[in-house]
Structures are given as structure tokens and as C-alpha cells.
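Full structure from sequences and hints, please.
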Amino acid sequence: MIKQLTLMLGGIQGEGIVSVGDTLIRALSQAGYYAFGYRTFSSRIKGGHTNYVIDISTHKTLSCDDSLDILIAFDQDSIEINLPKLKKGGLLVYDDIVSVKELLASIAPSSYIILPIPFTSIAKQYGNTLMKNTGVVGFLGQLFHMPIESVSRVISKNFNGKGEEIVANNMKVLTACYELPLENNSLSHQYRLSPVQNNQKKASMLGNEAIAFGALMAGCRFMAAYPITPSSEVMEYLTKKFPGFNGVMIQTEDEISAITMTVGAAYGGVRSMTATSGPGLSLMMEGIGLAAMTEIPVVIADIQRGGPSTGLPTKHEQSDIDFLYYGAHGEIPIIILSPYTVEGCFYQTIDAFNLAEQYQCPVMILSDLHLGLSRQTIDPLDSSKIQIDRGKLLNSNEFTESDMPFKRFAFTDDGVSSRIIPGQPFGMHHITGIEHMETGKPFEGNDNRKKMMDKRLKKLQGLKELDHIDLYGQLESDLLILSVGSNFGMIQRVVEGEQLPATYGMFKMIKPMPIKQLEELCAKYNKILVIEGNATGQLAAIIKSEVGFHRKIESLLKYDGTPFKYEEIHNKIKELI
Amino acid sequence: MGNAKNYSNQTTPTWCPGCGDFSVLRSLQAAAAHLDIEPHNLAVVSGIGCSGRISGYLNAYGFHSIHGRALPVAQGIKLVNPELTVVASGGDGDGFAIGTAHTIHAFRRNIDMTYIVMNNQIYGLTKGHTSPLSQTGFVTKSTPHGSIEAPIKPGLLALSAGATFVAQGFSAYQDQLVDIITKAIQHKGFSFVNVFSPCVTFNKTNTYQWFRDHLVNLDDEGNHNTADFQKAMNKYIETDGLFTGILYQNTDPDYYSKLPGERGTPVVQQDLDIRHKFDELMEEFM
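Chains R and C are the protein sequences, given in the same order.
Take the first sequence: its letter number 537 is residue 537 in the numbering used here, and every next letter is one higher.
Take the second sequence: its letter number 79 is residue 79 in the numbering used here, and every next letter is one higher.
Hints may contain errors.
Restricting the straight-line Cα-Cα distance to at most 27 Å, the calculated cross-link-like pairs of lysine-lysine (DSS-like) are [as the list claims (entries may be wrong)]:
no., chain 1, residue 1, chain 2, residue 2
1, R, K385, C, K277
2, C, K277, R, K201
3, C, K277, R, K241
4, C, K231, C, K277
5, C, K5, R, K441
6, R, K87, R, K60
7, C, K5, R, K241
8, R, K385, R, K201
Calculated directly from the structure, the hints in this document are not laboratory data.
Encoded structure:
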């Protein structure tokens with residue numbers, strides 16, 4: 001019986017690999033296990049090799065092993081490309097319609113367990129070769145000794161909308177493959193998953209879905225967006241859900257329209273967001289500046305991918321940090337949240353909407369492709385943590401005729417002024433992207449300009465004093481690892497797996513930088529390693545510029561389009577401890 | 001009927017004496033008064049340039065946005081609060097240079113709002129540069145040898161993009177302009193009003209007198225049928241776009257009325273707390 005294994009599904013893009021992987025993760029989660037899936041795909045719809053690596057465990061997992069225990073191949077390429085990653089003695093399963101004679105001729109028979117399975121033939125027997133995908137899930141259900149109910153429930157849910165006959169046929173394929181006799185007797189025990197202590201059904205989610213779901217629960221009722229990989233799942237979820245909650249998702253003509261429409265809707269009084277990736281973010285920057293200048297609360301999710309320009313549109317990278325941190329012309333207050341788990345994506349999106357209204361400024365949610373698109377089992381989300389705080393938004397009874405004229409940008413101690421939305425009697429006022437006076441009218445006077453700049457920038461001062469780095473690992477050690485986003489999963493796997501003497505800290509907010517906490521941490525530890533997915537060490541450079549400690553800070557960087565591997569993080573840490 | 005003065009916030013416009021934009025401002029105020037729109041239910045969004053200042057001169061909710069983006073901002077406002085009267089305004093640069101994509105998509109989207117272009121065929125605030133609506137051969141600081149590009153025909157663009165209300169006005173014909181803006185606001189859908197609003201400082205070609213000499217008034221032609229798309233196209237081509245009046249109007253349903261879901265209350269009045277739906281929503285991820 002095993003507690004953890006990594007498998008890969010490989011095949012031709014567009015033939016259902018994603019659906020098999022997603023279904024398997026859902027089924028495992030239903031049976032109480034944890035799974036983490038990582039997809040490799042390219043910018044084309046059909047054709048080309050694609051694979052889905054899934055880590056399966058009896059405890060929470062947020063990364064995949066570098067090598068595979070099981071390789072499931074739907075085509076020849078998948079074997080050819082990925083066999084080197086299969087551990088010696090590992091299991092190679094392939095659809096028996098794939099011709100493998102030549103391919104396997106060069107392999108010593110004892111290197112792997114090789115198992116041809118008639119997935120396509122069984123599917124064909126029940127009417128449609130596409131159902132081979134269901135067959136794979138059934139076969140794995142058997143291999144792992146999962147209860148068939150947890151698998152069949154997910155399959156029937158998948159095909160529910162497609163008619164009884166399709167559900168029934170898929171069930172037949174599922175059962176046939178679940179009950180397929182395995183010639184190799186030891187096999188039926190070798191991959192049996194250890195029972196989980198807590199076999200409560202669990203949910204599985206993408207980071208992008210968690211952002212969208214978090215937004216819905218936070219009261220977001222407007223989204224304007226332009227489709228872009230890897231962020232589109234956010235708009236896809238909200239466009240499905242909004243009609244039931246009287247919300248509006250609009251697909252705009254471009255990202256400039258997406259951000260400015262979001263600004264308009266937020267000014268109109270509704271919690272509003274957009275989501276994009278690097279190229280879209282470039283187009284949005286002027287609109288983000290407008291939101292900051294007019295003190296309108298908007299939320300923007302940036303799911304990073306490889307840049308610059310079109311870059312690596314379907315590959316992972318964390319290289320928008322500088323652009324977000326220093327972006328926009330002029331100087332603006334902006335908050336950048338950086339969730340590093342799917343659960344974090346949910347909770348921090350709710351935070352984002354609250355912070356946006358409390359501080360009346362743009363709030364970015366900085367995610368990355370690996371976090372946004374990796375389906376994984378999550379721990380139960382706590383709905384009691386959902387709180388809505390609209391900041392200094394005035395109700396109609398809080399502003400009357402005698403209070404006129406309304407000063408939208410009144411100077412206050414904390415820099416945040418009261419807000420009134422259009423439609424409210426007596427609150428008529430003007431706002432502009434031009435420098436303005438307290439009433440909102442354009443005014444370029446020197447003293448006023450300085451006071452208004454100070455007002456806007458001081459809003460976020462208090463946040464610098466708070467802790468925004470979550471600490472894990474052995475807190476009394478010499479080495480501090482600092483990182484962002486999806487790197488958490490692999491850092492955790494390495495440090496916890498080997499009980500290495502290191503602390504690892506994850507930023508959950510990178511702007512404002514938690515200066516006070518960082519200064520304390522940098523003073524305490526002898527060595528600091530910043531791990532980030534870019535070529536120039538953007539986060540490390542910001543940390544150095546904000547708190548110094550140049551000689552202590554080292555970087556581990558990666559920018560080849562893939563997330564960090566176990567070995568890469570492991571070797572670097574070993575070098576430092 | 002209200003008083004147009006109620007829609008002024010007593011700010012003195014920065015426009016040059018004689019600027020056509022004064023008349024657009026007055027006409028908008030008069031139309032709002034005529035329709036008795038309460039100032040707090042009027043939102044005016046503008047772009048950048050001389051025209052962009054208009055949102056700052058109204059007793060209403062005014063939003064002076066950024067160059068070319070008045071339309072998306074205004075559409076965002078209207079979508080979350082259909083009870084507001086939303087007017088977007090801007091110059092010819094806003095609408096037909098930097099913001100052209102937004103203009104075309106606003107035409108086809110048909111959100112119930114009004115778009116007034118204060119068209120002076122020149123960039124006034126940058127002190128005289130050519131505009132996409134400037135005539136070929138037009139001499140400016142950026143085209144000292146004369147513009148060699150063909151101008152955009154706003155009305156044809158609007159018609160071909162599916163606009164449901166297309167009209168043109170002239171600053172000097174204020175009564176007609178008030179009437180057009182009134183009808184534009186009343187139109188249930190996206191209404192486009194292209195106003196010839198002369199720049200007295202930098203455009204010495206398309207002057208008040210030039211327009212008086214060239215414009216055809218559709219109201220004087222008793223037989224113009226605004227519901228006939230083909231005739232609207234023909235009329236535009238026939239006059240080379242030099243006319244005033246309502247060119248075309250249809251009754252296609254507006255965007256909001258086509259949104260899926262129950263739309264009893266405006267989005268902005270929706271209760272944000274949906275924790276009672278949490279378990280049901282969570283079930284989909286199981």
C-alpha cells in the first residue's frame with residue numbers, strides 16, 4: 001500500500017487528457033485523498049503532445065514529484081517523450097491500439113511493468129471511442145482500490161447534461177475497466193492506496209476558480225474582461241454564476257475597455273473586477289492609474305505567464321512583479337496581494353474587495369499559471385470567514401442637503417475620504433484623472449497638489465507595519481527562504497519532506513512591502529534565499545531596495561517556462577545549510 | 001419640465017469665447033431639464049480634450065476620465081445602475097482615434113445610454129493637430145503639408161456597426177440640438193449624436209459659416225424616414241455626412257433587457273451577502 005505517488009497522463013492535445021485528469025482528481029478528492037495536477041500544454045487546440053501530471057497522496061500535496069511512478073500513454077509520443085521520467089520498476093500503461101513494438105524493443109523487459117489496456121476497444125464496444133477517457137479513470141480506480149461509487153459519481157456528474165444514454169454508456173465503460181482482470185497479480189496490491197484517516201469528501205479547485213468563487217462570495221457583481229491564457233477561467237466561472245445573482249460579466253473589445261469599464265462599474269457602486277495576464281496588464285496600466293487617481297476601488301487579478309510580449313503564453317513564470325510594483329506613470333497607491341495556495345486565492349480575493357473599498361485604491365491579486373491552472377484537492381473553505389466591509393461608503397441617510405456640497409476627496413487623517421455613488425440625492429460631485437481639489441474639481445495649485453499626493457500615498461502607510469509574510473518550517477534555523485505564489489508547494493515538499501533546518505516565508509502581500517517584518521526577519525537570519533520564477537530576481541531586488549541586507553540575500557531563479565523541480569530547490573538549500 | 005440652470009454647477013468653462021462646446025453644454029442641460037431628470041440620477045462621463053471638460057460643468061455626477069475611454073467607463077456605470085441616465089461625451093479624437101474600438105463596440109452592444117461627440121475636426125487642446133475627422137488636405141501643426149489621410153465617416157461607421165440611433169447636430173442650431181439630445185436620451189438603447197462644434201481658434205476651415213453653407217437639415221425634408229436603414233445610408237452618402245437631424249433609429253432591444261437571469265433590481269441594489277448559498281455553490285467543486 002502506498003501513501004504517495006505521481007502519475008502522468010500523456011496524449012495528443014484536444015483528445016481529452018485534461019478531462020481524464022480533472023475527473024481523476026475529483027474522484028480521488030471524493031474518496032478523501034489529496035491530489036495535485038499540473039498540466040503541460042501549448043498554444044494550439046488540437047494536436048501536439050500534452051500531459052497532465054498528478055500527485056496523489058493521503059495527505060495534502062501541492063506539487064508533483066520530478067519522476068513518475070505511473071505513465072499512462074494514449075499515443076506513441078507520450079511514451080517516447082516521457083519514459084525517461086518513469087522510475088525504474090514503474091508502471092507503463094498504454095492504450096493497446098498504440099503501436100509500441102519498435103519503441104519498446106530497446107527497453108530491457110525488467111525495467112518497467114508494461115501493461116497494454118484495450119481502452120479504445122472497450123469504449124468502441126459501447127459506442128464511442130471518446131469514452132476511452134472514462135475507461136482510464138475506471139482502470140485507475142481499480143488500481144488504487146478506490147470505491148467505485150466515488151468514481152462513478154463524478155463520471156455521472158460530468159455527463160449529466162448530455163442525456164441518459166451517454167451517462168449509461170460511460171458507466172458501462174467505467175465498470176468494464178474497473179473490473180478488468182489484471183494478469184499481473186502483484187499489481188493489484190502494489191498500487192493500492194493507503195486508506196485515509198479522514199475520508200471526508202473533499203473539493204477540488206483551480207486557483208482561478210478560487211479567485212472567481214471568492215469574488216462572488218465577496219459580493220463582486222461586475223466583471224469586464226478580455227479572454228487571455230491563463231486567466232480566462234475567472235471570467236468563465238463568473239459569467240455562469242452572475243445571472244443567478246443579478247451580476248454582469250461582459251467580454252470587452254480589449255483590456256483597456258475591461259479595466260475602464262470595471263472602473264465605471266465600481267464608481268457606480270458595485271464591487272467590480274477584471275482578470276488578465278501580462279500582455280493585458282500592459283494595456284490596463286493607464287486605467288489602473290485612473291482608478292488610483294480617482295480613488296475608485298477595483299480588483300484586478302493577474303495570472304502571470306511567460307513574458308515579454310507574447311512570450312510563453314501557456315507556460316509558467318513570475319515575471320510581472322516589477323511591472324506591478326513599479327507600474328503606472330506617476331506615483332500611485334496600489335495593493336498587491338500574492339496568494340500562494342488555492343485556499344489563499346479564495347480568502348485573499350475576499351480580502352482584496354474589502355481592502356479596495358477600505359483604502360479606495362486598486363488591489364491586484366498576483367497569481368501565476370501554476371497556481372491558477374493546477375487542479376488540486378483543497379481543505380474545506382470556511383464560510384464564516386467571509387466578511388464584507390465597504391469602508392467609508394456613505395448611505396443615503398448619512399449625507400443630506402445641509403451637508404452639500406459633497407467633498408469626495410476631503411482631507412482626512414488616514415487619507416481616506418467618504419464615498420458616495422451616483423444616484424444618491426445631494427451627493428452630486430465631479431471626479432477627474434486631473435489633479436483636483438477636495439470637491440473633485442480640476443486644480444493644479446502647488447500646495448493642493450502636494451497635499452493630494454500625500455493624501456493618496458499615506459493611505460497605505462499603515463499596511464507596511466503589519467506582517468504579510470507567513471512563516472513555516474524550522475523557525476530557529478540559519479536559513480530563511482522567501483518566496484511567492486505557487487513555489488510554496490515545492491518548497492514545502494523539499495523542506496518538510498526532509499526536515500531540513502530552514503524557515504520558509506511566503507509573501508501574501510508584496511505591496512506595500514511588510515517593511516517592519518522584513519527588517520526583523522533579515523536581521524534574525526544569517527542567510528536569505530529568495531526563490532522566484534523569473535530571470536532577474538525581481539522580488540529579491542525589491543526586498544533589497546526596501547530593507548537592504550544585500551550581502552545576505554541570494555536568489556534561486558527559474559525562467560524556462562516550468563515551475564521549480566524538487567531537485568533544483570533541494571540542491572540550492574543543501575548548498576546553503 | 002425643470003429649469004436648465006439647475007443642471008449647472010456655476011463653474012466657468014475654460015473654453016475659448018465662441019467655442020461650439022458651450023452650445024452642447026447648454027443643450028444637454030436643456031434636454032435634462034426638459035426630461036426632468038433629477039441631477040443625482042444623471043451621470044456624465046467625458047474623455048480628454050476641450051470637450052472632456054463638459055462633465056465638470058454640470059450639476060450631476062460627473063466623471064472626467066481618460067483619453068478615449070469615456071465610453072467603457074460610462075457603459076460600466078450604466079450596466080450596474082440602469083436607473084441612471086448616462087451620457088458619455090468626448091471629442092473626435094476620443095471617439096474616432098484613440099477610442100475607435102470602444103465606439104464601434106458600443107454601437108453594436110446597444111447599452112441604453114447617449115454618446116455625444118463634440119466634433120470640431122481638430123485637436124484643439126494640443127493646440128492644433130489633425131484629427132481622424134479632419135478633411136483630406138487639412139493643414140495643421142502635425143500636417144503642415146496637408147493631411148493625406150481620408151477622414152472617417154462617423155455616421156456610416158455607426159450604421160454599419162449596428163447603432164440603433166444615429167443623429168447629428170450643429171452648435172449653432174441649438175433648438176434642434178436640444179430636441180435631438182432629448183430624443184437621444186429617450187431612445188431605449190445606445191444613441192449616438194455627432195455634433196459639429198466648431199473650434200474658433202484652430203480650425204479656420206470648418207467655421208460656423210462653413211457649416212451654415214454646407215449642412216442640410218433633415219427636419220426640413222419632410223419625407224426622411226428614420227426607420228429605413230437603406231435610406232439612411234443613402235442620405236449619408238448623398239450629403240457626404242453634412243446634415244443635421246436624426247438619420248436613423250430602430251427599436252432593437254437594448255443590452256440590459258437581453259441579459260440572462262432575473263433582472264428585477266439594478267445590480268447596485270443587490271444584497272452582497274450570499275453566505276446562505278455557499279454550500280450549494282461549493283457542491284459544484286465536489
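Here is what the structure says about each hint:
| no. | hint | result |
| --- | --- | --- |
| 1 | R/K385 with C/K277 | holds, 14 Å |
| 2 | C/K277 with R/K201 | holds, 19 Å |
| 3 | C/K277 with R/K241 | holds, 12 Å |
| 4 | C/K231 with C/K277 | violated, 53 Å |
| 5 | C/K5 with R/K441 | holds, 19 Å |
| 6 | R/K87 with R/K60 | holds, 22 Å |
| 7 | C/K5 with R/K241 | violated, 45 Å |
| 8 | R/K385 with R/K201 | holds, 21 Å |
Violated hints, listed in ascending order, are 4, 7; each of the other numbered hints is respected by the structure.
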